[in-house]
Amino acid sequence: MRNEKSTEEVALGIRRRVFEHAMHNNGGYLSQACSAAEQLAWLYNEELKLGEPTLPMIPKPFRGVPSSSNLEYHTGAGYNGPFEPQFDRLIIAPAHYALVAYATLIEVGRMAPEGLEMFNKDGSSVEMIGAEHSPGMEVHNGTLGIGLSTASGLAYGRRLRGEHGRTWVFMSDGEVQEGQTWEAVQACAHHGIDNVMAIMDVNNQQCDGAMSSVMDVGDIRAKFINFGATCMEIDGHDIGAMREAAKEPHEGRPLIILARTSPFNTMSILKERFPKLHYVRFTDEKERARFNTSIAADLGIDPVDYAH
Amino acid sequence: MVEMVFRPYAGAFEKFAAGNPDILCLSADLTSSCEIDGFRDRYPDQFLSLGMAEQNMMSFAGGLGLAGFRPFIHTFGVFMYRRPYDQLMTSVAYPRRRVRLMGFLPGITTPGGMTHQSIEDIGIMRSIPNMTILETGDATEVESICEAADSIDGPVWSRVLRGSVPRLFDTPIKVGEIRELSEGDDVLVATSGICTEEAMRARAAFAKAGISIRHLHLHTIKPFDSRALLDHIGSVKHGVVTLENHVTEGGVGSLVAETMADAGVGKRLIRLGLKDTYAHGGSRPYLMKHYGLDASALVRGIEDLMGQDFNITEDDLAAARFDDVHSLVKAEAL
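If you're matching them up, the sequences are chains A and R in order. In terms of the working numbering, the first sequence opens at residue 1 and continues consecutively. In terms of the working numbering, the second sequence opens at residue 309 and continues consecutively.
Derived by calculation from the structure, the hints in this document are not laboratory data. Since we're looking at a predicted model, the values are computed, not measured. Beta carbons: idealized from backbone N, C-alpha and C, even for Gly. Among the hints, a few may not be true.
With beta-carbon atoms standing in for the labels, derived distance ranges [as the list claims (entries may be wrong)]:
#1 G484(R) - E4(A): 50 to 60 angstroms
#2 S67(A) - D353(R): 30 to 40 angstroms
#3 D533(R) - R243(A): 33 to 43 angstroms
#4 D353(R) - N226(A): 23 to 33 angstroms
#5 A569(R) - N226(A): 52 to 62 angstroms
#6 R290(A) - D394(R): 32 to 42 angstroms
#7 D216(A) - S340(R): 50 to 60 angstroms
#8 G359(R) - E72(A): 33 to 43 angstroms
Some, not all, of what chain R presents toward chain A, calculated at C-beta under 8 angstroms [what the hints assert, rightly or not]:
#9 P352
#10 G371
#11 R404
Build out the structure end to end from the sequences listed, making use of the hints.
And the structure:
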């Protein structure tokens, strides 16, 4: 399945949708759209080999958690197509990027725009922190740092089965503060798991603010290499650089692409909120209106009529 | 004289797993300590060393489950839930991965002290939705734990005995059933794990004193057949005593208490086990005596329940079995 839009158009579309959503809801994960739109657009629009979605364009409501008695249960992975040996799988490790991920599904024609209207509504499966039943999600990753391990186990298992599909992980840089990330990389290197690839949104931001002020992580590229990964570092807003980085040979090692990004790329007014960008809630109507005008201009659209 | 079986898990796991490509054997640097060193050497393609990194191992196992495998994780029980609890919850329990958590050194079966003794694991596992809990009490149960665990469509927590293990039963674990080891109508004694052997020692002494004990052994702790337990409770006159290799909160004692309270049973219950305390390092017989998990503790518990002193002494109890802490059957003294 290939979208007819260019990846640049998909990235712009993601930001417009997240912006419109945030204006209507008096806030949201705007900064994550600024930093990660190109990465998710590139994964879904170019890099991932996925089949047609197996779930309805308009997401079904929440149908209960997994249990031996819930026979209807399924994850949201069907939006990424069927589980077949030749297809890739995607693990979205930072579950708070869900809004950006949902916008991506809409832009690439895997979910209807109505899906975003269900975001964070009671009884909806389109949850604020992506759950494994949320569109495009396959596992819970709300506790940061567990995504790469899950993907590594899945990739190892798929290799044992002789499947050619790869397992991709979308990660966030805050996760390198968790020891589990490094455990996962060393396990991949030890077992030669090279059918797992990750692209990490290195926006240098976390919930409390700039990572350097919360817990400095130093030279993460050197660390990944020392732990046994092949690690590329690129401008995360340069789609051409992503294409090239993904071609890097990495036999016997996982490939990790560090996408260095700006947390206010394409929404310059967000700089005012630096370094508290994790979740942007407008403090008053005046600010909301000012952000509306400024970001709309940046994204080349009319301001959002959020009063209606 | 009770038959002692040498490393029953080693042979049982190999017999069960060898050649089944859907079964993977995971280890976290305790391969010989969990008796899977022979399997590692003979079936390297089914063996996966994940090192001393349990958080990754737990999520990794979840990923293997996602790929359709049924991983058996082997390490000491404590290392499988205390540090990687979030990963156990998120990557294994919630999505009902068919991960078999083979927890060695249950309770005070190790001189390793607090860091090695899983004394509250059953309480934790009972509170995790989707989790099944099995506990082995003898060599036959260890020999059948792999089939029993693998029959469950979801994650399974298993308390596994290792080393030199007595054979008390001649039938394998049937998940969900309660073993009725003796019929009696004075007192119901419910035990699990290594405490069952202790209760068997005490039974003969009580029979001599004219007290009839109905003795149940619980290998399946969750899900639990409360109807069957209530029938047994209904058939004794005086009440119930539980004895477990675990703290008395959250384990078998709590399970029995909850079952009785839910059904409005007005009989007395004495819960024996670790009483809101950690243990320390020492030999199994010493720890069982010191913390009140042995046959003598059960005698005192039954006396308390009955309000009578039966003058049962240590000598009246069947000869105790003493393990050498530095036994050659263990990889190290842990």
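Verification of the supplied hints:
1. G484(R) - E4(A): 50 to 60 angstroms: About 56 angstroms separates the Cβ atoms of G484(R) and E4(A), which means 50 to 60 angstroms holds.
2. S67(A) - D353(R): 30 to 40 angstroms: holds (34 angstroms)
3. D533(R) - R243(A): 33 to 43 angstroms: Check failed, 59 angstroms falls outside 33 to 43 angstroms.
4. D353(R) - N226(A): 23 to 33 angstroms: Once the Cβ atoms are compared, 29 angstroms apart, the range 23 to 33 angstroms for N226(A) and D353(R) holds.
5. A569(R) - N226(A): 52 to 62 angstroms: Cβ of A569(R) to Cβ of N226(A): about 56 angstroms, so the range 52 to 62 angstroms holds.
6. R290(A) - D394(R): 32 to 42 angstroms: Once the Cβ atoms are compared, 40 angstroms apart, the range 32 to 42 angstroms for D394(R) and R290(A) holds.
7. D216(A) - S340(R): 50 to 60 angstroms: Once the Cβ atoms are compared, 41 angstroms apart, the range 50 to 60 angstroms for S340(R) and D216(A) is violated.
8. G359(R) - E72(A): 33 to 43 angstroms: With a Cβ separation near 39 angstroms, G359(R) and E72(A) satisfy 33 to 43 angstroms, so the hint holds.
9. P352: violated (12 angstroms)
10. G371: holds (2 angstroms)
11. R404: Check passed: Cβ of R404(R) comes within 5 angstroms of chain A, closer than 8 angstroms.
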